[in-house]
Amino acid sequence: MVDASSPAAKKPRVLVCSQDGRPALMNVGGQGLCVDCYYRFTVAQTLQFQQHAAMMNMALAEADAMTGGIGGSYRVQMPQIPNGAISNTSITVSGGVVGSINTGTVRSIVVTVKGLGEAGHHEVEKALQSLTEAIIQSKVTNDAEKNALLEQVEYVAQQAAAKPEQRKPGMLRAVVGGLGGALGAAADLAGVWEQVGPVIRGALGL
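In full-length UniProt numbering, the protein residues as written are 1 to 206.
Some hints could be false.
Here are the simulated lysine-lysine pairs, DSS-like style, with alpha carbons at most 25 Å apart [claimed, not checked]:
(1) 168 x 126
(2) 114 x 126
(3) 163 x 114
(4) 139 x 168
(5) 168 x 114
(6) 139 x 126
Beta-carbon label-pair distances, calculated as ranges [claimed, not checked]:
(7) 27 x 48: 44 to 52 Å
(8) 195 x 145: 15 to 23 Å
(9) 31 x 119: 38 to 46 Å
(10) 164 x 114: 16 to 24 Å
(11) 15 x 168: 12 to 20 Å
(12) 45 x 158: 47 to 55 Å
(13) 169 x 78: 47 to 55 Å
(14) 45 x 184: 23 to 31 Å
Honestly, the hints are just simulated from the structure, not real lab data. If you're wondering where the values come from, they're calculated on a predicted model, not measured in any experiment. Beta carbons: idealized from backbone N, C-alpha and C, even for Gly.
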């Protein structure tokens with residue numbers, strides 16, 4: 001039996017997705033869900049509502065037919081399927097379609113960055129948001145390079161959201177160093193990194 005005062009007992013539990021074991025960012029009915037699985041869950045709920053709404057509208061139409069349609073009854077509005085399907089490899093930024101990038105990675109960054117803002121870390125929130133948008137809209141990097149950079153930003157964002165004692169300084173320092181080097185080599189990203197890099201490093205204690 002673990003002593004309640006021991007370090008092991010005090011170690012915070014990390015919520016993981018009950019479907020694929022990835023870090024969970026949402027809790028649904030006591031089950032942890034990652035961004036992708038939560039999206040699928042939301043789509044399933046929306047589809048179910050659409051089915052129920054269609055049946056209700058059919059019943060209302062039959063009732064109108066029986067009464068001669070006097071006044072006309074209300075119809076349930078059909079909700080739209082949430083945007084951002086996993087299979088959709090194109091996303092829109094500032095009105096333009098930007099290549100084939102991993103939208104799952106982008107959604108993960110968005111959710112994590114939003115959490116940073118809600119926790120009061122607005123400076124690093126804005127820095128990561130600006131960096132993500134700049135990478136997506138870059139004209140000198142191809143899609144594969146963008147995806148690689150976004151994966152590194154995703155890791156950095158997750159580490160920024162973690163408690164200091166839960167971070168992995170060695171790996172984090174290597175990732176941030178590699179990210180900075182890659183961004184510095186891209187003509188339209190070097191300036192962005194010069195602005196947000198110090199903010200991100202400071203937030204991570206590097």
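Hint-by-hint comparison with the structure:
no. : hint                  : result
1   : 168 x 126             : 23 Å, holds
2   : 114 x 126             : 10 Å, holds
3   : 163 x 114             : 16 Å, holds
4   : 139 x 168             : 33 Å, violated
5   : 168 x 114             : 22 Å, holds
6   : 139 x 126             : 22 Å, holds
7   : 27 x 48: 44 to 52 Å   : 20 Å, violated
8   : 195 x 145: 15 to 23 Å : 20 Å, holds
9   : 31 x 119: 38 to 46 Å  : 23 Å, violated
10  : 164 x 114: 16 to 24 Å : 20 Å, holds
11  : 15 x 168: 12 to 20 Å  : 18 Å, holds
12  : 45 x 158: 47 to 55 Å  : 26 Å, violated
13  : 169 x 78: 47 to 55 Å  : 50 Å, holds
14  : 45 x 184: 23 to 31 Å  : 44 Å, violated
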